[in-house]
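S.K.: Given next are the chains, with one letter for each unit.
2 protein chains.
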Amino acid sequence: MKINLQAIQAFEKRYRTAFINSLTGFKSLNLVGTISESGQENLAVFSQIFHLGAQPPLIGMIVRPHSTARHTLENILETGYYTLNHVTASTYQQAHQTSARYDREQSEFEQAGFQPHYETEFKAPFVAESPVRIGMKLEETTTLAINNTVLVIGSIQLVLIDNEGFIQQDGFIDLEQAGSLTSSGLDSYHTTTRLARLPYAKPKP
Amino acid sequence: MKINLQAIQAFEKRYRTAFINSLTGFKSLNLVGTISESGQENLAVFSQIFHLGAQPPLIGMIVRPHSTARHTLENILETGYYTLNHVTASTYQQAHQTSARYDREQSEFEQAGFQPHYETEFKAPFVAESPVRIGMKLEETTTLAINNTVLVIGSIQLVLIDNEGFIQQDGFIDLEQAGSLTSSGLDSYHTTTRLARLPYAKPKP
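First to last, the protein sequences are chains A and B.
Note that the first sequence covers residues 1 to 205 in the numbering used here.
Note that the second sequence covers residues 206 to 410 in the numbering used here.
Treat each hint with caution, since some may be false.
Claimed, not checked - Restricting the straight-line Cα-Cα distance to at most 20 Å, the calculated cross-link-like pairs of lysine to aspartate or glutamate (EDC-like) are:
no. : chain 1 : residue 1 : chain 2 : residue 2
1   : B       : Lys409    : A       : Asp170
2   : A       : Lys2      : B       : Glu310
3   : A       : Lys202    : B       : Glu324
4   : B       : Lys409    : A       : Glu105
5   : B       : Lys207    : A       : Glu121
6   : A       : Lys2      : B       : Glu345
7   : B       : Lys328    : B       : Glu344
8   : B       : Lys218    : A       : Asp174
9   : B       : Lys342    : B       : Glu326
10  : A       : Lys123    : A       : Glu37
11  : B       : Lys409    : A       : Glu37
12  : B       : Lys409    : A       : Asp174
13  : B       : Lys409    : A       : Asp187
14  : A       : Lys202    : A       : Asp187
15  : B       : Lys407    : A       : Asp170
16  : B       : Lys407    : A       : Asp187
17  : B       : Lys207    : A       : Asp174
18  : B       : Lys207    : A       : Glu129
19  : A       : Lys2      : B       : Asp379
20  : B       : Lys218    : A       : Asp170
21  : A       : Lys202    : B       : Glu246
22  : B       : Lys207    : A       : Asp170
23  : A       : Lys202    : B       : Glu344
24  : A       : Lys2      : B       : Glu334
25  : A       : Lys2      : B       : Asp392
26  : A       : Lys204    : B       : Glu310
27  : A       : Lys13     : B       : Asp379
28  : B       : Lys328    : B       : Asp392
29  : A       : Lys123    : A       : Asp174
30  : A       : Lys202    : B       : Glu315
Keep in mind that the hints were calculated from the coordinates and are not lab data.
Working from the sequences, and respecting the hints, build out all of it.
M.R.: Now the structure itself:
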């Protein structure tokens, strides 16, 4: 079936949101951990997260400033630090719960049942229950004029991996073995099954 | 195990690239279809693709200008149009092959064995073999000063879905039923298994 822009614009608002959010494919599911200058912890589930470069090691993230993610952004701007934490089959229901509209003085760690974990000399809280955790330093934020979302660019400072065995000989992290999930749309959570890792592609003779 | 920035920077280059590319989690795997003003078709596999907003319907994409994706970017800038096409278990090996360094006058449709499909009044080629296809119009490109990657923002113009049944009652597209894959790192391809769709989260009383 063919759906053009006029048809999409005529969709009922929630229907359109569900439709458009599913379109891009499976997403990078992470819990973003932050703390305010005054010490209030915050945790929020994000899926608009993407690799931006390996040298320097950078990750991009899209924040909608009027969503529940607003507290996350405020904390990142206040302290300059945040964490990304993978979600597993045993934590995705709690992770989803962090998307509820809590007040800023409520900690989603507490409300959703996660344990904050701190590393020496790293300001933002990690999620103790997560097998792959990344400590991020804010590099820059850019408000995209086209729809007022905020592009947050951070550099990787610290990586915590539960088990050294998740890292293969060539540096590839086996996320499936780590138990990391992927998400689709706004509310669908998935495990994965590897088909293959393929060798570096070369033009065929 | 704990890996800090110094340790990451000391990694051998290819090891670091594999490591950092795996860190963000599972990715949105798409084939990007383009054509040059002179009619040369191009197809390239991308995974740095993300939902940017539903109203207007926008998708973001990161292009490394010195990669094989350069032809894709040149074509997008020339014509203002491109397509995103999901990859399935029966096409991922061909999709991976599009990442080989072909000359601009070689079509990856031909080299990797995909059939271009055109829609009336839409300039860029779709992938006939793909179950979910999106016709995109370029809205803006921004070179990110931090590492010279290019953020390409496009608006959704047209959606082609093989089977109406993939779309659920609330607008959610069941990508698993469509057969869309996800990827991790630079070369790992995965099917998915849904754990659940969860209801809209509310603070618990």
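S.K.: Decide, hint by hint, whether the structure agrees.
M.R.: How the hints compare with the structure:
1. B:Lys409 x A:Asp170: Roughly 45 Å separates the two Cα atoms, so the pair is violated.
2. A:Lys2 x B:Glu310: violated, 31 Å
3. A:Lys202 x B:Glu324: violated, 31 Å
4. B:Lys409 x A:Glu105: It holds: about 15 Å lies between the C-alpha atoms, which stays within 20 Å.
5. B:Lys207 x A:Glu121: holds, 13 Å
6. A:Lys2 x B:Glu345: violated, 25 Å
7. B:Lys328 x B:Glu344: Judged against 20 Å, a Cα distance of about 15 Å means the pair holds.
8. B:Lys218 x A:Asp174: holds, 19 Å
9. B:Lys342 x B:Glu326: Holds, because 12 Å separates the two Cα atoms, which is no more than 20 Å.
10. A:Lys123 x A:Glu37: Distance ~10 Å between Lys123 (chain A) and Glu37 (chain A) Cα, so the pair holds.
11. B:Lys409 x A:Glu37: violated, 26 Å
12. B:Lys409 x A:Asp174: violated, 35 Å
13. B:Lys409 x A:Asp187: OK: Lys409 (chain B) and Asp187 (chain A) at ~18 Å, within 20 Å.
14. A:Lys202 x A:Asp187: violated, 38 Å
15. B:Lys407 x A:Asp170: Judged against 20 Å, a Cα distance of about 43 Å means the pair is violated.
16. B:Lys407 x A:Asp187: holds, 13 Å
17. B:Lys207 x A:Asp174: holds, 16 Å
18. B:Lys207 x A:Glu129: holds, 15 Å
19. A:Lys2 x B:Asp379: holds, 16 Å
20. B:Lys218 x A:Asp170: holds, 10 Å
21. A:Lys202 x B:Glu246: At roughly 19 Å apart (the allowed maximum being 20 Å), Glu246 (chain B) and Lys202 (chain A) satisfy the hint.
22. B:Lys207 x A:Asp170: Measuring from Cα to Cα gives roughly 18 Å; hence the hint holds.
23. A:Lys202 x B:Glu344: The given pair, whose Cα atoms are some 32 Å apart, is violated under the 20 Å limit.
24. A:Lys2 x B:Glu334: With Cα atoms ~15 Å apart, Lys2 (chain A) and Glu334 (chain B) stay inside 20 Å; holds.
25. A:Lys2 x B:Asp392: violated, 31 Å
26. A:Lys204 x B:Glu310: Roughly 15 Å separates the two Cα atoms, so the pair holds.
27. A:Lys13 x B:Asp379: holds, 19 Å
28. B:Lys328 x B:Asp392: It is violated: about 30 Å lies between the C-alpha atoms, which goes past 20 Å.
29. A:Lys123 x A:Asp174: violated, 28 Å
30. A:Lys202 x B:Glu315: Status holds; Cα separation ~15 Å.
Hints 1, 2, 3, 6, 11, 12, 14, 15, 23, 25, 28, 29, counting from the list given before, are not met by this structure.
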